[in-house]
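Asker: Going down the list, the protein sequences come from chains A and B.
Residues in the first sequence are numbered from 1 upward in steps of one, following full-length UniProt numbering.
Residues in the second sequence are numbered from 1 upward in steps of one, following full-length UniProt numbering.
Misleading hints may appear alongside valid ones.
[Stated by the list, open to error] Partial pick of chain A residues on the chain B-facing surface, computed with a CB cut under 7 Å:
#1 N23
#2 H30
#3 M290
Calculated directly from the structure, the hints in this document are not laboratory data.
Yeah, the Cβ is synthetic: ideal placement off N, Cα and C, and Gly gets one too.
Protein chains: 2
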Amino acid sequence: MVNVAILGYGTIGSGVKEVIETNNKKLVKHIGDDIRVKYVLDLRDFPGDPVEKILVHDYNEIVSDPQVDIVVEAMGGVEPAYTFVKQALEAGKSVATSNKALVAEKGAQLLKIAQDKNVNFQFEASVGGGIPIIRPLNCCLTADVIEEITGILNGTTNYMMTKMYFEGSEYADVLKEAQAKGYAEADPTADVEGYDACRKIAILTSLVAGQQVNFEHIHTEGISKITATDIKYAKAMGRAIKLLATSKKIGDSYMAIVAPRLLKEDHPLYGVNDVFNAVFVHGNMLGDGMFYGSGAGKLPTASAVVADVVELATNLNRHLYVEWDEKELELVDYKQSSSRFFVRTTQDKEAVEKAFGKVEYIQAEGVTGEIGFLTEEMTEAEYDNKVQGLNVVQMIRA
Amino acid sequence: MVNVAILGYGTIGSGVKEVIETNNKKLVKHIGDDIRVKYVLDLRDFPGDPVEKILVHDYNEIVSDPQVDIVVEAMGGVEPAYTFVKQALEAGKSVATSNKALVAEKGAQLLKIAQDKNVNFQFEASVGGGIPIIRPLNCCLTADVIEEITGILNGTTNYMMTKMYFEGSEYADVLKEAQAKGYAEADPTADVEGYDACRKIAILTSLVAGQQVNFEHIHTEGISKITATDIKYAKAMGRAIKLLATSKKIGDSYMAIVAPRLLKEDHPLYGVNDVFNAVFVHGNMLGDGMFYGSGAGKLPTASAVVADVVELATNLNRHLYVEWDEKELELVDYKQSSSRFFVRTTQDKEAVEKAFGKVEYIQAEGVTGEIGFLTEEMTEAEYDNKVQGLNVVQMIRA
Numbered sequence: 001m002v003n004v005a006i007l008g009y010g011t012i013g014s015g016v017k018e019v020i021e022t023n024n025k026k027l028v029k030h031i032g033d034d035i036r037v038k039y040v041l042d043l044r045d046f047p048g049d050p051v052e053k054i055l056v057h058d059y060n061e062i063v064s065d066p067q068v069d070i071v072v073e074a075m076g077g078v079e080p081a082y083t084f085v086k087q088a089l090e091a092g093k094s095v096a097t098s099n100k101a102l103v104a105e106k107g108a109q110l111l112k113i114a115q116d117k118n119v120n121f122q123f124e125a126s127v128g129g130g131i132p133i134i135r136p137l138n139c140c141l142t143a144d145v146i147e148e149i150t151g152i153l154n155g156t157t158n159y160m161m162t163k164m165y166f167e168g169s170e171y172a173d174v175l176k177e178a179q180a181k182g183y184a185e186a187d188p189t190a191d192v193e194g195y196d197a198c199r200k201i202a203i204l205t206s207l208v209a210g211q212q213v214n215f216e217h218i219h220t221e222g223i224s225k226i227t228a229t230d231i232k233y234a235k236a237m238g239r240a241i242k243l244l245a246t247s248k249k250i251g252d253s254y255m256a257i258v259a260p261r262l263l264k265e266d267h268p269l270y271g272v273n274d275v276f277n278a279v280f281v282h283g284n285m286l287g288d289g290m291f292y293g294s295g296a297g298k299l300p301t302a303s304a305v306v307a308d309v310v311e312l313a314t315n316l317n318r319h320l321y322v323e324w325d326e327k328e329l330e331l332v333d334y335k336q337s338s339s340r341f342f343v344r345t346t347q348d349k350e351a352v353e354k355a356f357g358k359v360e361y362i363q364a365e366g367v368t369g370e371i372g373f374l375t376e377e378m379t380e381a382e383y384d385n386k387v388q389g390l391n392v393v394q395m396i397r398a
Numbered sequence: 001m002v003n004v005a006i007l008g009y010g011t012i013g014s015g016v017k018e019v020i021e022t023n024n025k026k027l028v029k030h031i032g033d034d035i036r037v038k039y040v041l042d043l044r045d046f047p048g049d050p051v052e053k054i055l056v057h058d059y060n061e062i063v064s065d066p067q068v069d070i071v072v073e074a075m076g077g078v079e080p081a082y083t084f085v086k087q088a089l090e091a092g093k094s095v096a097t098s099n100k101a102l103v104a105e106k107g108a109q110l111l112k113i114a115q116d117k118n119v120n121f122q123f124e125a126s127v128g129g130g131i132p133i134i135r136p137l138n139c140c141l142t143a144d145v146i147e148e149i150t151g152i153l154n155g156t157t158n159y160m161m162t163k164m165y166f167e168g169s170e171y172a173d174v175l176k177e178a179q180a181k182g183y184a185e186a187d188p189t190a191d192v193e194g195y196d197a198c199r200k201i202a203i204l205t206s207l208v209a210g211q212q213v214n215f216e217h218i219h220t221e222g223i224s225k226i227t228a229t230d231i232k233y234a235k236a237m238g239r240a241i242k243l244l245a246t247s248k249k250i251g252d253s254y255m256a257i258v259a260p261r262l263l264k265e266d267h268p269l270y271g272v273n274d275v276f277n278a279v280f281v282h283g284n285m286l287g288d289g290m291f292y293g294s295g296a297g298k299l300p301t302a303s304a305v306v307a308d309v310v311e312l313a314t315n316l317n318r319h320l321y322v323e324w325d326e327k328e329l330e331l332v333d334y335k336q337s338s339s340r341f342f343v344r345t346t347q348d349k350e351a352v353e354k355a356f357g358k359v360e361y362i363q364a365e366g367v368t369g370e371i372g373f374l375t376e377e378m379t380e381a382e383y384d385n386k387v388q389g390l391n392v393v394q395m396i397r398a
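Chain A extracted, bound-state conformation (with noise of 0.2 Å):
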């Protein structure tokens, strides 16, 4: 019998139990082992749920009992998640979790304890919901140096630019609107300002560079200054707006940054529209391969949760190696990092050309007052140069 410990009791992590229970048959065929789940914590009581029968509200019960061989956390948050992985880990038990800021912080600090108490400490639904990514680029992409990754991250911000695309409505109704429908929380902003983003390619940057990436070190932009007008540009170009989180090699390290980009209909990302997420990845070998799926919601992020679950109960006493060492990774300035550039301004094509020489005017339907245009590709501080001196009313790299 496998023995699961579920941390906190909200959407993921009854949805952890609702897996481990309807798909049990498929679980114990697989493991070659029963799995139950013997405990959920929550500060909460919850009244006629058959989850009060496990419910504990004491940590320690969990944590002191041989018999749990498995933790998922699902609480969010750094403390008292950390806290409680750690003593886990140290206890001899192996841990999953969803939780993105703890794996963004302390993943390669977790993984070492992991590694010297021979369990295992994994995340596969931090990063993408349900999509498997995390354990491909562990175990699927390994004869290949990963080039580029590039995702659609953030569920939220991804369903109100398709909002806006395909509506043409301005950003505060769509927010509103994914506010009501509860795609959006009521302070929106760690998914309309990327940080959530930035969190999950710092994870996928530090697993392909193998090395700590510092979240706070990459260049974020949300897409709260993306207007309609905007849109009406992009379709012009037959691009879509996206937030994108990239991190591409350049040498011997990775240049990362969150930021809304105009996307040309042949890229694999265009097309993936709502609350869907979707990962993108370069290989040396491979060439372009991406992975497409629920990037949230309780059962699809629930079922990457227990997918760890199952690779942790068969692998109760083997460590699987995961290269991601603490020692703080060196990102290349994303400066350095080239593109086009999309400028909207209210000046005229006088002083567009005398900043940017040959461009690319984009006359969009019924906008009228300004220009828009797209400039050659070039460094993010070749353009900083350039721009000096244009009263630039909009920006978006391309």
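On the provided structure of chain A, position chain B as indicated by the hints.
Answerer: Using the frame of chain A, we list chain B on its own:
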């Protein structure tokens, strides 16, 4: 030192050697040991090629060398590949292959031998080329009951359908062009009649069902009857025509079929064009997911083979369990599966409505002298029954 022997120095075999050499540093880091290609087996000589130094013509040199840990089978076809792989496994060597014919026919049996000998038999590259799909099914989607798996699994036919769609060209012209570009073989039957996709969906179905699926029992239609007129209708419906290999869970078994289908724009596979492949998966917890990438080509395919080699090298004395029983799965008759049917007839609306009742008529640009329509959803058996007596020019499932 991990020693690899490659059987066959064609496109994939030479690609495997190239990947192991080019990304050696990365592989060594992941495996924790040096890795090299010790032998390449081929009947031919390659004068002037560096492979000469490790080239052998007699398989016994490889199978009798206790230093060889891993054999990569890249010859294709069932024989002598089967005999060689079997001998390697029986000699305690692990095997990786990209050979779909071998895996579809002998997969269960070779896995059984690998299990008995405590070694491994892996075949990631046999389906979807470079796209990780076998390992994700075995290791990532383990918390889900897979209810559907549908793939664009043949790059040749997807290239042809894409060309026909975007250029309005006829089948015969596109085939000629594909042959000129080396995307289609001189005898294109295996690709265009769906036999290649059939073997691949047989492998995927065997894995999700955990039992041997006989590919000869899968109803298979190719693309050779698709015309430029069909494409006009598809465009009028806002759909694309793709050759899809589908497997759906019905009760305790699966229904599998290979056939061209009219896909709506919101389906994740709609935008998969050119030689790319993709596999759509629906899990009972995960919901929809998709894996996309290069379905063929020297380096992408070799990258998937070498990912197997890495997995084999890190599990040299440990059998990784794969559920694929030799007992044949009785597939559900595809006549029980449902879809909508797009039909073209030279008869009039009265005859159409007499047969099918309410239908959705489609007017394609410039097409006269016939009627095109979409039926309601019904089973194949119901369709067969209703369509009797109607003069059908074309039928494509939608």
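Asker: At a threshold of 7 Å, is the proposed contact between A/H30 and chain B supported by beta-carbon distances?
Answerer: holds, 5 Å
Asker: Regarding the hint that A/M290 lies at the interface with chain B, is the smallest CB-CB distance below 7 Å?
Answerer: holds, 4 Å
Asker: Hint check: is the beta carbon of A/N23 less than 7 Å from a beta carbon of chain B?
Answerer: holds, 6 Å
This entry satisfies every hint, going by the numbered hints stated previously.
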